[in-house]
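Student: Sequence:
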Amino acid sequence: MMLNYKQSISILNKNKILIKSEKILSEVSLGRVCSGNVYSEVNYPSANNSAFDGFAVRSSDTNETSKRKEIKFKILKVLAAGDKPKVKYKRFSCIEIMTGAVIPKPFDTIIPVESAKIIKSKKDRFLLLNKKIKKKLHVRFIGSDFVKKQLIISKGEIVNPSHILAFKTLGIKNILVKKKPNILFFSTGNEISEKTDIANWMVRNSNTYYLRSLSSNFLFNYYDGGLIKDDNEKRFNKILKKKLKSKFDIIITSGAVSAGKFDFIPKVIKKFKTKGYFKGVAIRPGKPILFAKFKSNNKSFFGFPGNPISSAACFRFFLYPYLLKILEAKREKPFRAVLKNNFVKKKNFTRFIKAKLTLNKKNNLEVEILKGQESFRINPFIKSNVWVVLKYGKANFKKGELIECYNSICSNNFLL
Numbered sequence: 007m008m009l010n011y012k013q014s015i016s017i018l019n020k021n022k023i024l025i026k027s028e029k030i031l032s033e034v035s036l037g038r039v040c041s042g043n044v045y046s047e048v049n050y051p052s053a054n055n056s057a058f059d060g061f062a063v064r065s066s067d068t069n070e071t072s073k074r075k076e077i078k079f080k081i082l083k084v085l086a087a088g089d090k091p092k093v094k095y096k097r098f099s100c101i102e103i104m105t106g107a108v109i110p111k112p113f114d115t116i117i118p119v120e121s122a123k124i125i126k127s128k129k130d131r132f133l134l135l136n137k138k139i140k141k142k143l144h145v146r147f148i149g150s151d152f153v154k155k156q157l158i159i160s161k162g163e164i165v166n167p168s169h170i171l172a173f174k175t176l177g178i179k180n181i182l183v184k185k186k187p188n189i190l191f192f193s194t195g196n197e198i199s200e201k202t203d204i205a206n207w208m209v210r211n212s213n214t215y216y217l218r219s220l221s222s223n224f225l226f227n228y229y230d231g232g233l234i235k236d237d238n239e240k241r242f243n244k245i246l247k248k249k250l251k252s253k254f255d256i257i258i259t260s261g262a263v264s265a266g267k268f269d270f271i272p273k274v275i276k277k278f279k280t281k282g283y284f285k286g287v288a289i290r291p292g293k294p295i296l297f298a299k300f301k302s303n304n305k306s307f308f309g310f311p312g313n314p315i316s317s318a319a320c321f322r323f324f325l326y327p328y329l330l331k332i333l334e335a336k337r338e339k340p341f342r343a344v345l346k347n348n349f350v351k352k353k354n355f356t357r358f359i360k361a362k363l364t365l366n367k368k369n370n371l372e373v374e375i376l377k378g379q380e381s382f383r384i385n386p387f388i389k390s391n392v393w394v395v396l397k398y399g400k401a402n403f404k405k406g407e408l409i410e411c412y413n414s415i416c417s418n419n420f421l422l
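Convert by adding 6 to the 1-based position in the sequence shown; the result is the number in this note's numbering.
It is possible that some hints are incorrect.
As the list claims (entries may be wrong) - Ranges of calculated distance between the beta carbons of each label pair, as one might list FRET restraints:
id, residue 1, residue 2, range
1, E407, A205, 17 to 25 Å
2, Q156, V350, 20 to 28 Å
3, F278, K179, 39 to 47 Å
4, N43, E407, 24 to 32 Å
5, T175, T202, 31 to 39 Å
6, V48, K352, 33 to 41 Å
7, D130, K29, 51 to 59 Å
8, K141, G177, 25 to 33 Å
9, V34, K123, 44 to 52 Å
10, V350, V34, 43 to 51 Å
11, I170, I388, 43 to 51 Å
12, K92, G177, 36 to 44 Å
No wet-lab data here; the hints were simulated from the structure. Glycine included, every Cβ here is placed at the ideal spot set by N, Cα and C.
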């Protein structure tokens with residue numbers, strides 16, 4: 007009996023390969039999976055500083071002021087952000103201070119420039135006050151954003167641009183992340199061509215470039231293994247033996263995994279000692295998918311079907327969750343949207359559906375199943391912005407139901 011999708015994912019989870027960690031500069035860690043919790047080593051702000059351009063005074067100096075008793079506060083100096091906060095305090099004095107400048111003691115409150123009344127003499131300037139000023143007004147306090155040992159990012163999270171901002175602000179130079187798995191990809195088939203102008207019995211190679219494009223902002227390093235022709239079973243067997251001794255962690259083929267005369271990939275894989283092997287899952291598109299983990303080394307193999315959308319679906323719903331698992335990243339969770347149109351499928355199949363997500367007038371998410379769900383149809387794929395997953399065990403899906411959705415491009419959770 008053919009595996010269902012849930013069973014196949016269980017096999018993937020039990021047959022993960024080991025990916026080591028490495029220490030890298032925090033500034034180049036975007037899109038990497040953290041191998042451990044990262045904590046702040048400092049307080050931020052590192053000292054009390056001004057939230058406004060204005061004047062710093064000692065609040066207790068204003069206790070004697072009133073509408074009847076206006077007091078002049080001598081402006082000792084101007085303090086800009088980045089200036090050393092050093093000043094010789096005298097009673098009834100103040101400093102002009104810029105936003106972000108550290109507030110020197112004993113000054114403890116800020117009067118915004120918009121609220122200040124300034125007079126000048128020949129030599130000096132003065133701030134005039136005729137009311138009592140509360141302590142700690144318009145102050146950014148030490149550690150009010152981050153305190154020492156506060157968690158910034160936890161193990162298994164993917165670094166996003168906001169984390170980079172925090173790392174650099176807090177002086178975190180290096181972080182420990184999972185290494186990027188090295189993926190080697192082969193296209194198969196006599197019909198596949200790299201040429202632009204082709205005969206009508208040929209097919210342009212697109213799967214190679216789709217997977218390569220995902221690697222540019224994703225969790226792996228991509229390597230092109232080239233094209234394997236239909237009569238190259240022996241050649242591929244030799245190549246595979248050699249590559250199993252190389253740096254590659256995951257090897258993927260596209261095409262030649264079904265049951266046709268020239269579908270040689272399963273034959274080759276069965277010549278190796280593997281575990282977790284399966285071929286064929288009750289899904290559409292992507293039904294002929296193959297997976298195996300090699301016993302002799304820390305490497306895995308995926309055989310994707312050749313149709314473009316089948317290959318894309320297998321990446322999205324097999325390779326992507328496998329990558330998250332081996333990188334010990336946090337598991338992806340679907341979101342739900344209201345189905346806009348009816349759809350019928352085979353009961354004992356999981357369907358990965360090209361769909362369009364929109365927001366209705368009531369600000370509720372709605373999802374439309376697009377026409378053209380066949381695995382060769384790319385036009386609906388470029389119009390879609392989500393995958394809808396219609397689960398195994400149910401045939402009829404009606405308008406108004408809540409349906410599980412996944413973003414169409416799994417580009418490091420911060421873009422999901």
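Student: Each hint should be assessed against the structure and marked as holding or not.
Tutor: Outcome of the hint check:
1. A C-beta distance of roughly 46 Å is found between E407 and A205, which places it outside the suggested range of 17 to 25 Å.
2. Distance hint for Q156 and V350: a CB-CB separation of about 52 Å, inconsistent with the stated range 20 to 28 Å.
3. F278 and K179 have their C-beta atoms about 43 Å apart, which keeps the hinted 39 to 47 Å range intact.
4. Taken as a hint, the range 24 to 32 Å is violated for the pair N43 and E407, whose Cβ atoms sit roughly 40 Å apart.
5. The hinted window of 31 to 39 Å between T175 and T202 is violated, with their beta carbons roughly 48 Å apart.
6. Checked against the hint of 33 to 41 Å, the pair V48 and K352 fails, with Cβ atoms roughly 58 Å apart.
7. Judged by the Cβ atoms, the range 51 to 59 Å given for D130 and K29 holds: they are separated by roughly 55 Å.
8. In this structure, K141 and G177 meet the distance hint of 25 to 33 Å, their C-beta atoms being roughly 30 Å apart.
9. Range check, V34 to K123: about 51 Å between beta-carbon atoms, so the 44 to 52 Å window is met.
10. Between V350 and V34, the C-beta spacing of about 49 Å keeps the proposed range 43 to 51 Å intact.
11. Here the CB-CB span from I170 to I388 is close to 31 Å, at odds with the stated 43 to 51 Å.
12. At about 23 Å, the CB distance of K92 to G177 disagrees with the hint of 36 to 44 Å.
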